[in-house]
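Participant: With the hints as extra help, turn the sequences into a complete structure.
Residues per chain are reported as follows:
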Amino acid sequence: MIDPVQKIFRFQPDRSLYPETGADGKPVIRLDSGKFIKVWQGPNHPGVTGNMSLELTISGDEVVESKTHVGYLHRGFEKLFERRRYIQCFPTCIRMCVPEPDTNEYNLARGTEELAGIEVPETANWLRMLALEMARLQVLLRMVPGQAATMGLGLGAQWGMYFRELILDRFEELTGGRIYHMYILPGGVRGMMPDGFRERLGENLKKIDGFIKDIDKLIFHNAVFRKRTIGIGHIPADWVDHYGITGPVARAAGFKRDVRKDYPYLYYHQINFDYNIEHDSDVFARFLVRRKDLETTVDILRQIMAKMPEKGIIRAETPNVLHWRIPKGETYVRCESSRGEYGFYMVSDGSMYPRRINLRGPSYTHAVSVLERLLVNANISDISSIMVSLATCPPEIER
Amino acid sequence: MEQLLDRIIAGFEAADIEKRKDGQVFFTVPKPKVLPLINHLKMFEGFRNLILMTAVDWIEDNQFQITYLLNNPDTKTDLGIRTFIGRDGEGMDSIHELWGHAATFQREMKEMFGIGFPGSPRVDEPFLLEGWDDIPPMRREFDTKKYSEETYFPRPGRETHDPATYMKQKLYPND
Amino acid sequence: MPEDNVKYPAEDQSLSPVNRKRVVIGPEGEDILVDPLRDYYCTARPEPELPRQGIIEKFMNWARAESLWVLGFGTGCGSIEIPPLLSPRYDAYRFGVAMRPTPRQSSVIIISGYLSVKTLKRVIRSYEQMQNPKFVIALGSCTINGGMYWDSYNTINRLDHYIPVDVYIAGCMPRPEAILAGFNKLKQRIKEGRGEGANDYIKNLDWYKANQKKIIKDWNMPDYNW
Numbered sequence: 006m007i008d009p010v011q012k013i014f015r016f017q018p019d020r021s022l023y024p025e026t027g028a029d030g031k032p033v034i035r036l037d038s039g040k041f042i043k044v045w046q047g048p049n050h051p052g053v054t055g056n057m058s059l060e061l062t063i064s065g066d067e068v069v070e071s072k073t074h075v076g077y078l079h080r081g082f083e084k085l086f087e088r089r090r091y092i093q094c095f096p097t098c099i100r101m102c103v104p105e106p107d108t109n110e111y112n113l114a115r116g117t118e119e120l121a122g123i124e125v126p127e128t129a130n131w132l133r134m135l136a137l138e139m140a141r142l143q144v145l146l147r148m149v150p151g152q153a154a155t156m157g158l159g160l161g162a163q164w165g166m167y168f169r170e171l172i173l174d175r176f177e178e179l180t181g182g183r184i185y186h187m188y189i190l191p192g193g194v195r196g197m198m199p200d201g202f203r204e205r206l207g208e209n210l211k212k213i214d215g216f217i218k219d220i221d222k223l224i225f226h227n228a229v230f231r232k233r234t235i236g237i238g239h240i241p242a243d244w245v246d247h248y249g250i251t252g253p254v255a256r257a258a259g260f261k262r263d264v265r266k267d268y269p270y271l272y273y274h275q276i277n278f279d280y281n282i283e284h285d286s287d288v289f290a291r292f293l294v295r296r297k298d299l300e301t302t303v304d305i306l307r308q309i310m311a312k313m314p315e316k317g318i319i320r321a322e323t324p325n326v327l328h329w330r331i332p333k334g335e336t337y338v339r340c341e342s343s344r345g346e347y348g349f350y351m352v353s354d355g356s357m358y359p360r361r362i363n364l365r366g367p368s369y370t371h372a373v374s375v376l377e378r379l380l381v382n383a384n385i386s387d388i389s390s391i392m393v394s395l396a397t398c399p400p401e402i403e404r
Numbered sequence: 020m021e022q023l024l025d026r027i028i029a030g031f032e033a034a035d036i037e038k039r040k041d042g043q044v045f046f047t048v049p050k051p052k053v054l055p056l057i058n059h060l061k062m063f064e065g066f067r068n069l070i071l072m073t074a075v076d077w078i079e080d081n082q083f084q085i086t087y088l089l090n091n092p093d094t095k096t097d098l099g100i101r102t103f104i105g106r107d108g109e110g111m112d113s114i115h116e117l118w119g120h121a122a123t124f125q126r127e128m129k130e131m132f133g134i135g136f137p138g139s140p141r142v143d144e145p146f147l148l149e150g151w152d153d154i155p156p157m158r159r160e161f162d163t164k165k166y167s168e169e170t171y172f173p174r175p176g177r178e179t180h181d182p183a184t185y186m187k188q189k190l191y192p193n194d
Numbered sequence: 171m172p173e174d175n176v177k178y179p180a181e182d183q184s185l186s187p188v189n190r191k192r193v194v195i196g197p198e199g200e201d202i203l204v205d206p207l208r209d210y211y212c213t214a215r216p217e218p219e220l221p222r223q224g225i226i227e228k229f230m231n232w233a234r235a236e237s238l239w240v241l242g243f244g245t246g247c248g249s250i251e252i253p254p255l256l257s258p259r260y261d262a263y264r265f266g267v268a269m270r271p272t273p274r275q276s277s278v279i280i281i282s283g284y285l286s287v288k289t290l291k292r293v294i295r296s297y298e299q300m301q302n303p304k305f306v307i308a309l310g311s312c313t314i315n316g317g318m319y320w321d322s323y324n325t326i327n328r329l330d331h332y333i334p335v336d337v338y339i340a341g342c343m344p345r346p347e348a349i350l351a352g353f354n355k356l357k358q359r360i361k362e363g364r365g366e367g368a369n370d371y372i373k374n375l376d377w378y379k380a381n382q383k384k385i386i387k388d389w390n391m392p393d394y395n396w
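Residue numbers (the numbering used here), protein chains in the order written: chain X, 6 to 404; chain H, 20 to 194; chain P, 171 to 396.
It is worth saying that the hints were derived from the structure and are not from the lab.
Do not take every clue at face value.
[Said to hold, decoys possible] Straight-line C-alpha distance at most 30 Å; calculated DSS-like pairs for lysine-lysine: (1) P:Lys191 - X:Lys72; (2) P:Lys383 - X:Lys43; (3) H:Lys61 - H:Lys38; (4) P:Lys191 - X:Lys40.
Facilitator: Right under this line is the structure:
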């Protein structure tokens, strides 16, 4: 709800007089009239998320037209997969999304297992859940305070970076890598938890509980932050299906969309958690959803640690991976990343090499079609906050 | 699900049905039936979410497979609609009016495969590549390794082994 | 674009409309000739700045080495390890390393990982806009020999063919400790007077430009971006 005081301070451009609208209902934009300026935000700009750019036409300090330009990170993964065997795809595929690489390897492993008909042992599935939730936690620890950093409140981001490091340390114990883990393989995972891992993770989660209270005090009760986020970047409910919006952005608009509950994978049906819903669908609501997600993730991690078996087989028998022929077929596998539904469409032609692996990430629509429309009539100082609230991640758009 | 499939088979000549898992079915329909089918599914069957739209190159059969993956958020079902078109410049009908993000998929397919979508907004603008002057890179006949070696000054010293023969030589050198 | 207050004189059709000469009618009705290629860019060829001699150069090099200002341009996946580097745990500030938002204020550019052709063009522009002396740190295996993407059609294999590199940091991705060690290595190099990348670039400008133009097919900027 928007209270009356905040309504006065809300940014409401008066578009009744200027710029003039043409016959098709769109504003008439003529750069030579001297009333419009074309500005490029990015790729070399601190206010964009990653290496992408926005071509903005502005009038005063309002955006009249926006175009997203991507391709600065295009590496041609989908072409490279055509030349790599299935096992060789694993170290390559995780680089498709840098902040949260585990969802890539999980999706690819699950797609391969579905096509080849492999059953994964129970302990391995629990370890996969552990890795996925830890990955989500480390992204959210960066993203939740990072929203305030777009408005100049960088302190929370520095704190969050410290707590993210704690989770990265646990990742290093579990997998050996800080950012890229290469932990999940077809048939299972690569290793068991080391001794004392549960206790150390438990201690870290206790610290993160305190951190959540701290950012509440620092950010959520901050008057400037509330004024600059409430009512900004509103996404109407009918856009959600029209643009294929998923994840926290859809949940902030009041939709019950969460792949973990809708299409249960691994053992999420044994875990007790709920949809985090908000209804205002502005930057603040999306932020609130992510903050609740942070608590939920900590809670899920505790439940996983309590329910996980101590010992067990962590990898199923697979054929020799160098000669592994996957039967012909196609499938679509999905899981919930921190940004929304993250899916792989895989086609196998019965040979040792995949025919096509296509990634559909949430940013594909959030950063291109939704952002282009959402930025119209926005103030230029709100652009980076809107972008971060949509959690646009360029490497998964262009692969 | 079964009734829905029966309706699709009867009304839209669906064939080659492949049930992958609970609530996920892939099937093939002929090209003229694709747009009516998608319209029907969106209007009357609740498949109001377009997850993805992509192309697969079957160079052996000289055709492209275009896959539309529709999702019904209420019944939690996915329908993968396949259709086949020729590889030699044959276009496909655009669905940009049904979904806001379909134009992005079509722009990428135009650039990566060279499949035309007449009428789709900004479809001819470059999306990922800049100043590309070769054939569209996702076509199977495009050799990325050869292109890279000719263009980007490979650093000498990289050795590539076929993993199978290399392991065989290592493990059984006398064979 | 339908403009009534813009006239195009006999124009060069090979140029894009943005770069063509045109006459703009000013607010009082006077004609203003605009030639974007001449008015907006400087086309002079750069010249090397030779180092000074003796103790002055040593002092200057010490000062340069102790305040490395890094351009905040995350060109690839390596940029995910830059924020932790500036957080209290690794604290790059104690080595005099700070992030700057614009090329004009920075002396170091970190190429964080693979470079696609589209980014390479922006990197060249940013690099040439930086003030002398300037240094390049290349992060990750992909800048050395292509790394994971050695056979990709859109990423370069060897960075040193396009801009001069001072320090390579291997790994995918390099840990923050490795990046700190790289900074120290760069400092050592500068203090020894070996940080002459900017002058090497200008001396071999023709070779670098030929390499750059080989892969950037739509070259629509001046030869040197002042």
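Participant: So which hints don't hold here, by number, going up?
Facilitator: none
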